[in-house]
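Asker: The listed protein sequences correspond, in order, to chains P and D.
With this note's numbering applied, the first sequence corresponds to residues 5 to 340, in that order.
With this note's numbering applied, the second sequence corresponds to residues 373 to 1044, in that order.
Take the hints with a grain of salt, since some may be wrong.
Facing chain D, according to a computed beta carbon distance under 10 Å, are these residues of chain P, among others [stated by the list, open to error]:
no.	residue
1	Phe56
2	Ser73
3	Gly75
4	Ser89
5	Ile91
6	Arg129
7	Gly132
8	Val172
9	Gly230
10	Lys257
Restraint ranges, calculated between C-beta atoms of paired labels, are given here [unchecked claim]:
no.	chain 1	residue 1	chain 2	residue 2	range
11	P	Asp36	D	Gly924	49 to 59 Å
12	D	Gln662	P	Ala58	20 to 30 Å
13	P	Ala58	D	Arg1035	56 to 66 Å
14	D	Arg545	P	Pro233	50 to 60 Å
Derived list of chain P stretches under chain D, where covered just means 3 residues or more per stretch with a C-beta under 8 Å from a C-beta of chain D [stated by the list, open to error]:
no.	segment
15	173 to 184
16	279 to 285
In short, the hints are calculated from the structure, not lab data.
Heads up, the beta-carbon is just placed ideally off N, CA and C, and yes, glycines get one too.
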Amino acid sequence: MRSSSSGRNTPWQALRRLIDRKLFLLAGAEQDTVVLSQRRIYVLPSAAGLAFAASLLLMLIAAINYNLSLGYALIFVLAGTALVSTIHAYRNLVGLRIQPLHSPAVFAGDDAELGVQIDNPRPARRPGLSLHILGARCSFSLPAQGRLAPTVRLATEQRGVLHAGRTVIETRWPLGLIRAWTVLRPASRCIVYPRPEADPPPLPDSAVSGHSQRSSTLGGTEDFAGLSPFQRSDSPRHIAWKVLARGGPLMVKRFSASSSGDLVLDWQQLPDRLDTEQRLSRLCAWLLAAERSGRRYALLLPTQQFACQHGAVHLHACLQALALFGLAEAQQEQQR
Amino acid sequence: MIRHRWFRRPHQRRAAGHRPAEAPLTSGQMSWLLLCAGLTLALHLPWQPGWAGTLVSVLLLWRVLMSWRGWRPPHSLILLLLTCAAGIGVRFEYGYFFGKDPGVSLLALLLALKLLETRKARDLRSSLLLCFFLQLAAFLEDQTPLMAVLVLSAAWLALTALVSLSDAEAGARSQLRSSATLIGQGLPLMLLLFLLFPRIEGPLWGMPADAFSGRTGLSDSMTPGSISQLSESAEIVMRARFAGELPPRNALYWRGPVLSNFDGRSWTPGLASEAPAPSYLPDGDNYPYQLTLEAHGKRWLTALDHSRGEDPRLRYTSDYRLLAQQPLHSRLRLQLTAYPEARIGIDEHPLQLAAARKLPPEHNPRTRALAARLTADSPRAEVILERALAHFRAAGLAYTLRPPLLGHDSVDEFLFDTRQGFCEHFASAFAVLLRAAGLPVRIVTGYQGGEINPVDGNLVIRQLDAHAWTEVWLAERGWVRVDPTYAAAPQRIDDGLAAALADEAFLPFTLRSNSPWLRYLRLNWEAAADAWNQRVLGFNPQRQAELLRNIGLDAGNRARLFGLILLGASLSMLFLLLWLNRPQRTGDELDRLWQNFSRKLARHQPVLARQAAEGPLDYVRRLASALPAQRKEIEAIGAEYARLRYGPPLSPAIAAATRRQLRTRIEHFSPR
């Protein structure tokens, strides 16, 4: 991980921050619904609009030179249309209600989807909008009095929290000559778990409660313990039809006969040669494997501990702890 | 915090609805572009050289097939070669690059080639800019209302293509409607700019040589045949609108170039000086009129003999012509007053008179002999003139558009052999005869007569009214107009060209007088065209200044004009914004009725306004207890509304009847 502090203070970025603060009046992330009012909408000609204006100027010179009265008329029709389109571009944004969107967490390396939720209170369609977050864009149209949650796809490389930050919603409708836009800083975010280690060692079999590690996942019927490939001897009642219906392979559900040994995934127990990210990566892979195996597991981190539990909520809490490990915003995120 | 650089942009990822900015054009977008470019190029086809028109059509067809059949776009090298070939072709066709005609040809070819490599939004935009230029250029060729409508349609298509670019999901009809709405809403701004934008008289710089090419009209010299060629053109030269009475027809001589030098075959202008004021005194009847001249690229103004005006752009020559300060490159309107009986040139300079007597000695011996006979008893000039005219009347000269060709002694051959000629033959022969007899005489060319358009009362003068006559200088009387054509073929002056010519087949079809409905159509069309010319095409700096003066503004104050435009534009944009933000009518008819009811009650007593969460039955109950006197009426209204709104569906006829009943009830209800 490179230090990125050097990039923060180039004159351009300093200027950008100043503009954001003074002109766009952006401060912290906006948790609440933002209603786009006149104050938040900016309207300027686009590059295509400037080219159009330059062409009209050239045409005007030609019309003057040849005394073309109808030429003037054509130029003024086009100019009038372009001017009127500024109003429509502005109206295409005004009144939109924008709420931050918390996207489902992803693993580093996967694509995160970041976005906002937009309500259109007007009984008319709003075409030709686009959302810009972190250099990615997405085009969309809002249905009349409808709601849409446009998202942009961002490839992730590092664990942590992906904040939308400076977000632009713009429109060039109707003629593409005028760009109307708004800048906001919605509290949209996406938690990025560490990338699971590709080929992790088997789960550490250190029993917490002293139980033996024998678990018979084959014959049991009590707790669901995971899926395994279908064999001829398996009962058809245990076939995972849902998996099959989703287009997956033919699998059977396994149930553990008794509570197998609980797992403890301990930061301290990992080999010393692993650095922080590698440890997080391995713990991530183990957490997933433990959840899959159906056993209860505990997570011990130097800063945080999770007692033996099982299930999606527990898994998410543990993975989030890994994602935020050592980051300044860990505390802030926990409070939410 | 995670920094931007931790994330790379996903490449070539296209989920549904996530369209990158430079995606290939959809077939809808491409169709709009092709329709627009097709119409724009078609407007230019009639004026393009054959090969360029063909090449443009072929390229366009190729592009259409490419879209339709899914052909692969041509290699860029082929396009480059075609572009070079087009450039070379244009250079060869016209002999130069920088001018109106080669410029338009080049633009048309470039557009056709650009279409072939149009794949992205950016290409579409630049193609559309080319289209706009070509639409403007179409007005260089033709400014008729039809052309205006066609160009506006092409611009509409271009704007629709732009709309489709920013909203590809909308249907074709809705895209067309969007752009039409935009144009409609932009019209007030257009009108504002059209009327107030400071007009500058062009050209801004030296015009390319071909800017006003191909115009027929009077020239500043006269040879046999130079005027008769004009009589095949029904093109309108000018229009005159007389405030009061029209001058008599035989006074309708519109004075053009005055020719006093003769070399035996052609007549050329003599020396003349210019002055800002006329050098004769107005005399006799006067006829104020408004003259609208079409552009002809020359300075002369073919005004009625003898006209003067207050316009500072007017110049007067010593041979009594009117000139404009600048060549007429656009239509010109003047307020003039004609004094047909004014005497001119009473104290003409002896040098001018000497020049008007000169005759090349080696030509036309028989005419000289005739002149010698006429002057044998050395009579006064008036007598010679009378004798010459008598000879012309008696000589059996025929007036025809297609006289036989004449040789070396053209006047001799005309007067004594062929005896057939057009006005220039008559004028030239008469002038030579009088000069041989020693009288100062010169030739005046211009137009004679004209046709009243009964639709708008304008006198219309066409190229075929071109005429040549003579002026003889007589002591005490100055230059006197003598029209030898009148002597030989008086119908030419009394009834116009069509009457004078036995063989009408030479005349343009619409001018043949024997089809009244055609004549009716033509007159109406020309009246409409004149209104268009005056109001739209003729809206030049002078007319703008006139208009601004009428509303109390000074056209010279550009800053104020721009301020006014800015103010007007802001106001009209503001009105548009307010109008667009007007409260939308929500709900259906029934809702509105119910709202009216509630509003009536609220006006009576604010407490009685319906609460947002109040259902009709609760509301009615509350009203009934507040206004017990009208309980019955209120309950009936409530019941009908609830029945229509929440009851099981009624048959359409019954529903409509109930709704009508509810409406009358609510309209007649007034809370007491």
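Asker: Hint by hint, where does the structure go against what was stated? Just the numbers, ascending.
Answerer: 8, 9, 10, 12, 16
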